[in-house]
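**Student:** Next come the chains, spelled out residue by residue.
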Amino acid sequence: MYYSFTPEQTQFRDVIRRFLAAQSPTVTVRQTMASSRGWEPALWQRLNDDLGLAGIHVPEALGGGGFGDQELGIACEELGRALTCAPYLSSAVLATQALRNGATPAEQESLLPRIVTGATTATLAWMEGPHWSGCEDIALCARSDGDAWRLEGRKSYVLDGVTAERVVVAAREAGRDDDAGIGLYLVDGEASGLHRRALASIDETRRLAELDFDGVTAQRLGHPGSGAAALARTLDDAAVALAHELVGAAQALLEASVEYARLRMQFGRPIGSFQAIKHQCANLLLELELAKAAVYYAAAARETGDADSAALASQAKVQASEAALASAREAIQIHGGIGFTWDQDTHLWFKRVSCAAVLLGDAAWHRERFLALTEVAA
Amino acid sequence: MSDIDERAVRAEVRAWLEQHWDPQRDLVSWRELLADSGWGVPHWPRAWFGRDLPVALCGAIEAEFEAVGAVGVARIGIRMLAAATLLEHGTEQHKSRFLRRILTGEDTWCQLFSEPGSGSDLAGATTRADFDGTQWTVNGQKLWTTSAHHAEWGLLLARTDWDAPKHQGLSYFVIDMTQPGVTVQPVKQMNGYASFNQVFLTDAHVPPENLVGAVGEGWQVAMTTLAHERRNADALRRWGEASTRAGRIYDEERAEIANVMAPYTWYPQRTGRVDLALARAHDTGRLADPALRQELARLLMLSRSSEWLAQRARTAREAGRPEGPEGSLGKLAASHVARQAAAVHTAISGADAMLAGADGPLDGLIAEILLSVPATSIAGGTDEIQLNIIAERVLGLPREPRLDGGPFRDVPRNPER
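Chains A and C, in that order, are what the protein sequence lines are. The opening position of the first sequence corresponds to residue 61 in the numbering used here, with each subsequent residue numbered one higher. The opening position of the second sequence corresponds to residue 6 in the numbering used here, with each subsequent residue numbered one higher.
Hints were generated in silico from the structure; no laboratory data involved. Treat the hints with care, as some may be off.
If you want a taste of the chain C side facing chain A, the calculated C-beta under 8 angstroms gives, among others [unchecked claim]:
| hint | residue |
| --- | --- |
| 1 | Q190 |
| 2 | L314 |
| 3 | A321 |
| 4 | L392 |
| 5 | E405 |
| 6 | P406 |
| 7 | L408 |
The calculated label-pair distances, taken between Cβ atoms and stated as ranges, are [to be verified]:
| hint | chain 1 | residue 1 | chain 2 | residue 2 | range |
| --- | --- | --- | --- | --- | --- |
| 8 | A | E196 | C | G362 | 44 to 52 angstroms |
| 9 | A | T177 | C | I383 | 51 to 59 angstroms |
| 10 | A | C415 | C | P295 | 19 to 27 angstroms |
| 11 | A | A424 | C | I383 | 29 to 37 angstroms |
| 12 | C | G401 | A | D274 | 39 to 47 angstroms |
Even for Gly, the Cβ is constructed at its ideal location relative to N, Cα and C.
So that you can see chain C by itself, here it is in the shape it has in the complex (with noise of 0.2 angstroms):
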């Protein structure tokens, strides 16, 4: 992309934002309008809210916005991911019915894909859908649904088929969550938030036009939605920071974002928060001690290489080069960070590594730390999935020989519930 092209964007979406943004506007409007004109998500299809831009120039794009404080689209959430796999899998029906009301924030969305019986192995799922030559009927029980409990839909994988083998009797369906047949709990978890829940399935139904993809080809439109789950995790953390302007329309993206945010206040306490850790032992007097030295030495040197491992893995993708093994290794690198972080925090803590709540350090942010700390090495993928993705796809080693093959259900399973 040659300089002259960003900068003719650039004057483009300049004289754009000049005439139509306003601080005063009502969220939902202003959102239509920049919907309908296509700079909201530049880098779409021309045809559906987009200009069919380069995402390489998504970035100049957004600094436009940013430089007059001009609110984007709806980002945050799951309403992403079902955007991008409609726009992939979905039918014209799907996308003039959905995608104008996920970017004015009007919808919101949830993945229901886990399962108890099926967390690693996500094409284990049990969850079914018949078909009864007008609907079809849901039956099953998910987990692990992030704003389930307010969200208009929900992006469903179900089993269609039980004779077919465990990758293709599945389908991909978008599902009505507020109907009666769809009930949705908090899960509490071991820190005492309730940031996920559990929806179970009754007798939902789905009408057919709302099957996306072909019945039977539900993994593979899976896989679209994971793929850009990974991809967005960048961003997504950027996009749930709120601006801090004065005015009408910052005061409605405030509070979307603090509602969909609510759940994960905790969320930064999960990665070890490394940032605390040297201030800390030097403040508590620690600082003097060799065997914490050491500990506190590898956090710091650990942390710092797993930044720069990400930023070589975005310099090669900048630049058009294939990623390397980089982009794969991060999530690993970050549970290493997250424990070793959190063993640093207890040594610093002594006793009081106990003690929670107003007791404990820091008012008890050290005792949030240590008790989120376990979700980096699960949540969005095992470490030990991820080592078997590094050593199969890196390096090229053998996959274990599998026992899941042949129809579905003579497949050896979890009991059921």
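One chain only, chain A, in its complex shape (with noise of 0.2 angstroms):
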């Protein structure tokens, strides 16, 4: 499972593609992003209802389907090739794997099998500024308040945060500065005392937004002192899920300059007959499979419960970020001028990728991070 698919796991990357290719083609996308919620619900709807994409990775007990960490990827790889706008990483993978990692079993009852169907949709509020270092930059602060909390404080970076209907906030318990802090609580996106303001993001195709929390009224989730090491894993999730985006994204990347490379005529000759051009070419698929190889494994390693799995992951977020960073550069610059037009597709990807990039931590973050678990583990 490190270093294959399953015959069954092709057959469902086929069914994803194809369905995508019909239904999320650009001339959708750019429609979608143009519109003022950013995904449409009926798309959304019949990723749910025919490919059950948002609970894929959940069990059957909870409405899922079953399966595991490396069908979640192949789900985020082909919704990142297809650039498909849908709240998939902020509700089927953050929230969803927030609540699998931090709530408890009668909370996850309750609370995932809408989520799991589509019928609602939900999103994990984490950062406050622009860098991340670990829960130490929670600050957002959570008063008991009898049965219930009340949260004080700001978010930012949230993930379709305007149109989530549940949100999953990281948040400090009031006099608190240890991690044993942290916990995870649950607060309804209508919830008065919540301002949601869109933030206005260079990747129209995914929503970023701003939540003001004004003593609004939340549900503690899970046990007391959990939250830390839930919201961890979860990011580690989310990472692994994002980097297969990121090698979706470069793959569809790669595959358009190739195909332009053989059709632009200069100078009498395809530009995909220069060396210039064909070593770029084939330096990006190096990066790409590599990146490939790296991301498979973290998946593999999640399913597995491997020790490694959290320096996987990282490693897994660097080289597809860096993968599809190169991919989105090269593709505009072989594009030519062309490249640089709002009519030709590629900018969409390109700025798909620029966010996607730094989203969880950019590369010398996660490289650190990396090095100091592997430092640790030798």
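Join the two chains, each given in its own frame, into one complex according to the hints.
**Tutor:** Encoded structure:
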């Protein structure tokens, strides 16, 4: 499983790819990204009704497909390849994994089934400032108020934060400055005192929001003291999922570049016959295949509970981001002036990749984390 | 291949070894017995020292050999490439004359392909072979010839028709390396070692029966040799490790391996020695440097993902699926790993990176790494050639227009030396 896919997994990939080619071509992506909510409920419902994507990795007992991290990865890779506008990373990955990692079994049973079917969308709010070093960056305050909790503070860079019907919030219990004071709290998207503001993102295919919490009523999830570990695990789950999305995007970009280089004639020959272009394409393929090897390995490691899985998640994120950024940069370069125009599709992936590269930690941050973890293991 | 077949074959080879294996035998007589039994090269044809068994079963058979410590047929060096080429393109006479002594290790072979004027462009060879009605006379110069200094036989690619297009004017021969017309000189490399040779062919002779394949079909035959070179690269590394067991036959095998491997003690260093990086960064106190930490992380990630990429290719091959692009990308990845490793070793060493020998870090090992790594992106096909192959065969990008069509004598080429 570390080095290959089963025939069933390959078939699953083919089904999603065909579906998205038909239902989410770039003309649709362009229409959807110009809409106010940023994703189409009808397409989201079909992704879940027809393909069961939002719960593919969730146990059947909770309404999911009962598959694992590899299938989740395949779904993310294909969605990244097609650049589909959908609250997948926010709801199916970040919020769902936060609940699976941090909520009690009873809470999961009450919350997950509706998220798994796509009937409800959710997201996770953990970032406050532009840099993330860990739980010490969480200042948003949770105060006990009878049976409930009240949240005070601000979260930013919240994926699909304006449209999400439920928000899982990483907050710090009042008066606690250690990691044990970090908890996951559930908030209703329409709760009073919650002010949501859309942020203008360079990637219009995925929406970001800033959330102000002014005494918002919240439900604390999971057992006290377990929030920090659950959050860390969730962010690694999401990093691996996002890495899959990035290799999907890189694949799409490379294919578009190669196709263009085969057809575009200059100086009486296809530009793809010049070594300056063909070597660039071959280098991109090498970087992409190395990234895939790392990303697929990381997914398999999460499924088997490999002791190395946190370092592997960081490695996957680094290599996928770097491969995708290189593919995006060179795709525009190979397309020349036309690649810098709005009508040509390359910029859509360029923007997605540029955002995904910094989301959940940039390459330098993950390299440092990888080395720190590797150093301890060695 | 079913488990039953594998169990039956394992039982059969175990029984044969029980009856015949004796570590006190001398190496050649044991290998003669082994060659004649077919267990030395079980995937070869039954008529020629094999058993017609699928390659997939060879691992199981080797495991049975390892279990009792039985020595295998001679495999290191160019000999297996010669054998594979002769099995595919040789005459009955070639096979009966050469194959058995290849397996026993009595004959050593070398490959006379590259020339000073044709490196990446192997088909541009200008070493000539002229036929006078009774024998071929060979004149020219070959380069990068591993083992030429102790080889009995050479696989020679030479031009026999200067009016034919480049690839169609070549022929393939087996040449006697011990004759007076063949002079072998070592080539000293930038790292101080002399692992390869240049071979001067001055009115050297080849009898007509030593032609392999037809006149003018040398390129196709050479392709067979090169295909096996790539395929064997993995296995050869493993066979280059001598057994540590005690006994006469092991002593003889160790001496054989030491003799062949002697010029290549620096080979591990050309990979960049990633294995040393983290521990050395720690031991030298450099591990706290954030810039070094970034580069070290890059190196370890690149190295690990290269291994996984190679493992993906092996897994696909073993499952009988098409290999995908992984195989052809591995060599390029190795170049990147080696270069990044050299950069990291330099950063860890600081000013000590200038020092060699006993004055240098790790008793000169780091200097040897820094001076050996440049070989990785050249040997066995340069990075630029690998990029062309990937771009054209994997990505389907168009070939570059060529300027070497038409009769070879009109093709622009390097000046004669």
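**Student:** With reference to the structure, classify each hint as holding or not holding.
**Tutor:** Outcome of the hint check:
1. Q190: 34 angstroms, violated
2. L314: 4 angstroms, holds
3. A321: Constraint on A321 of chain C satisfied, holds at 7 angstroms.
4. L392: Nearest chain A Cβ about 4 angstroms off; hint holds.
5. E405: 5 angstroms, holds
6. P406: This hint holds: P406 of chain C lies near chain A, its Cβ roughly 7 angstroms from the closest one there, short of 8 angstroms.
7. L408: 13 angstroms, violated
8. A:E196 with C:G362: 44 to 52 angstroms: Between E196 of chain A and G362 of chain C, where Cβ atoms are some 49 angstroms apart, the hint holds.
9. A:T177 with C:I383: 51 to 59 angstroms: Hint holds: Cβ distance 58 angstroms, inside 51 to 59 angstroms.
10. A:C415 with C:P295: 19 to 27 angstroms: 25 angstroms, holds
11. A:A424 with C:I383: 29 to 37 angstroms: The hint (29 to 37 angstroms, Cβ to Cβ) holds, given that A424 of chain A and I383 of chain C are roughly 32 angstroms apart.
12. C:G401 with A:D274: 39 to 47 angstroms: Since the Cβ atoms of G401 of chain C and D274 of chain A sit about 58 angstroms apart, the hinted range of 39 to 47 angstroms is violated.
Hints 1, 7, 12 from the list above are not met by this structure, while the remaining hints are.
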